[in-house]
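What follows is the residue order along each chain.
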Amino acid sequence: MIVGQKKTLDERQRWYWKKNIRFILWLLVIWAIVAYGGGVLLAEPLSNVQFFGVSLSFWIAQQGSILVFFLLILIYAIRMDRLDKQYVQLLKADKEG
Amino acid sequence: MSVEAITITLVIITFLIYTAIGWWSRVRDTSSFYIAGQNVPTVANGAAIAADWMSAASFISMAGLVAFLGYDGTIYLMGWTGGYVLLALLLAPYLRKFGKFTVPDFIGDRFYSSSARAVAAIATIFISLTYISGQMRGVGIVFSRYLQVDIIVGVLIGMAIVGFFALLGGMKGVTWTQAVQYFVVIIAFLIPAFAISAQLTGNPIPQVSFITSDIVERLSHIQIDLGMTEYMAPFTDLSMINVFMMTLALMAGTAGLPHVIVRFYTVKSVRAARWSAVWAIIFIGLLYLTAPAVGAFAKYNLIDTIADQPLEEVQNIDWVNKWETTGLLEFNDHDGDGVINYTSGEANEVSIDGDIIVLSTPEVANLAPFVIALVAAGGLAAALSTASGLLITMTSAVSHDIYYRIFNKTASEAQRLRVGRITLFMALLVAAYVGINPPGFAGEVVALAFGLGAASLFPVILLGIFDKRMNKEGAIAGILTGLLFTLIMIGSILSESIFGTDGPLLDSFFGINAQGVGVVGMMLNFIVSFIVSRLTAEPPKEIQELIENVRAPEIDEDVSEKD
Chain A
1 MIVGQKKTLD ERQRWYWKKN IRFILWLLVI WAIVAYGGGV LLAEPLSNVQ FFGVSLSFWI
61 AQQGSILVFF LLILIYAIRM DRLDKQYVQL LKADKEG
Chain B
98 MSVEAITITL VIITFLIYTA IGWWSRVRDT SSFYIAGQNV PTVANGAAIA ADWMSAASFI
158 SMAGLVAFLG YDGTIYLMGW TGGYVLLALL LAPYLRKFGK FTVPDFIGDR FYSSSARAVA
218 AIATIFISLT YISGQMRGVG IVFSRYLQVD IIVGVLIGMA IVGFFALLGG MKGVTWTQAV
278 QYFVVIIAFL IPAFAISAQL TGNPIPQVSF ITSDIVERLS HIQIDLGMTE YMAPFTDLSM
338 INVFMMTLAL MAGTAGLPHV IVRFYTVKSV RAARWSAVWA IIFIGLLYLT APAVGAFAKY
398 NLIDTIADQP LEEVQNIDWV NKWETTGLLE FNDHDGDGVI NYTSGEANEV SIDGDIIVLS
458 TPEVANLAPF VIALVAAGGL AAALSTASGL LITMTSAVSH DIYYRIFNKT ASEAQRLRVG
518 RITLFMALLV AAYVGINPPG FAGEVVALAF GLGAASLFPV ILLGIFDKRM NKEGAIAGIL
578 TGLLFTLIMI GSILSESIFG TDGPLLDSFF GINAQGVGVV GMMLNFIVSF IVSRLTAEPP
638 KEIQELIENV RAPEIDEDVS EKD
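Residue numbers (the numbering used here), protein chains in the order written: chain A, 1 to 97; chain B, 98 to 660.
There could be a bad hint or two in this list.
As the list claims (entries may be wrong) - Below, a list of computed lysine-lysine pairs in the PhoX-like style, where the Cα atoms sit at most 25 Å apart: (1) K365(B) <-> K85(A); (2) K506(B) <-> K18(A); (3) K194(B) <-> K19(A); (4) K85(A) <-> K194(B); (5) K19(A) <-> K365(B); (6) K92(A) <-> K506(B).
In short, the hints are calculated from the structure, not lab data.
Could you build all of it, start to finish, from the sequences and the hints given here?
See the structure below:
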């Protein structure tokens, strides 16, 4: 039912895995900066910045970070869908070429 | 109709719906019983994850916890949502690709070891059992407060309902009931939130009026005036290091909770696993973006109603009177001046249980009796959906991982299904027992469940996927180090309530409290498993192939035929 049952990863699969790892690392860097930078480590300086009726760090800690988490998961799903398509196209090209 | 009559009617209607779904989704094979036959649609799985995840604590207690912690309530808001980023990016797609039944399945196969499988199964049972006692308690509390039914009777009714659809339908029945229960939970949470927001700010959207109105700022000022900590200022209740560690422990713990992870096994494909994480965070986020608003608005309302008011006048308010009789709201006029001093420290004359914030909002905001009934049905749905997910997870750990995979490898399909149902029934009895006789440290066991998830299962699964060199020796050494360290630390810091010692054996671990210490256990797990794995033999060839296979892209059949 599924390809990729070969003994080891071929060149294309390795390319796919490296791309995947790079997406994950970027998204996790943003995750850490927003949650632990904006919400915790920089909470004191950022509490002097006004964001609508509350302080910026308060908003990040109580709402903003959750919106960012949603965006990160969404972006990952979209980018991986695109990567899956690229991979299939490469397979086709290999076959034709 | 009286509030009680409406509540009973609504609760019975929702229970009948859950039962009907259980009957409709009854199953005959183990794949359906444990992983719903792997054909749950993405959106339904997202809703089921959300209901599975959002427990009685999320629904009843969290807004109150945030209301009393102020800024530092972020540990729950970020901690209980940020773990989904870890799940979606680091675990869910690969576990789905691996495609077996349970979390111990992955750990046992990946580390080619029955001991690893057994340790993972025991961790799963322990985590789920500590968690389920809180859910059953939640069921009992809702029954006793809204319907004046005895807590024991309430727990038994709840168990009977969960037992019916879980025994018949296994994971399939649980999944579809959870998807429906999510909508009961979220509607019950949002309607009072809309109402209190419209009343206080003129804007009915609480998630928006939370920042556009000046309620939070006014609450900050009032709290300072009353001698409490400033609502909007960080680290007034918890130190920075504890906020950091507790948030991280809850996030990694979320990603290490077996009943949540296993939900990603139930969808059709790797792609569907990624998208069910998207739906899950949408469904969960809806409640979590609302909770801080409900917390702040309700607290503002509460302070406004009682602080510096004549005691007698306040006690005549209908809802104050009602909650005073439950013991969740207490006044004690120390100085005998007849005026309520609401402040922090010695002079304070009010004690408020955080659960009141959500439970009393409909009454404080003068909403129709129907809304009060809805909150009761929502609390029950939140508790029952989580309880059913935990039951299935415990059952699969015993009947699939321990009985079938370790003791009786030749068991037939029918035998396995029968053992599964018997185990589930026994798990129900255990859950009912801990619901009726909860351990005295019920609040602390949640910290324990998350700490253990973060320190044991999460690192091992992560390394199993991303570190090809990780072997049996490393994984077992790591998991045991993480478990033991975290158990000992939590046990010593909370020894007063767990073992009844005169004082805590240990104040904190270098300033980190019990809820955050799981992060240290997690780091030790990572370090120990890395070192041990590098000093011992690399995993066998077929295991390295298994890992490559889990990492390889999943392509539909039609493409592979062309290949």
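We went through each hint and held it up to the structure:
A threshold of 25 Å between alpha carbons decides the hint, and for K365(B) with K85(A) the separation of about 18 Å falls inside it, so the pair holds. With a CA separation close to 38 Å, the supplied pair K506(B) and K18(A) exceeds the 25 Å bound. Only pairs whose Cα atoms come within 25 Å are accepted, and K194(B) paired with K19(A) is accepted, the gap being roughly 18 Å. For a cut-off of 25 Å, the pair hint linking K85(A) to K194(B) stands: about 17 Å separates their Cα positions.
Between the alpha carbons of K19(A) and K365(B) the distance comes to roughly 24 Å, so the proposed pair stays at or under 25 Å and holds. This hinted pair does not check out: K92(A) and K506(B) have alpha carbons roughly 42 Å apart, beyond 25 Å.
Comparing the model with each earlier hint shows violations of hints 2, 6; every other hint is respected.
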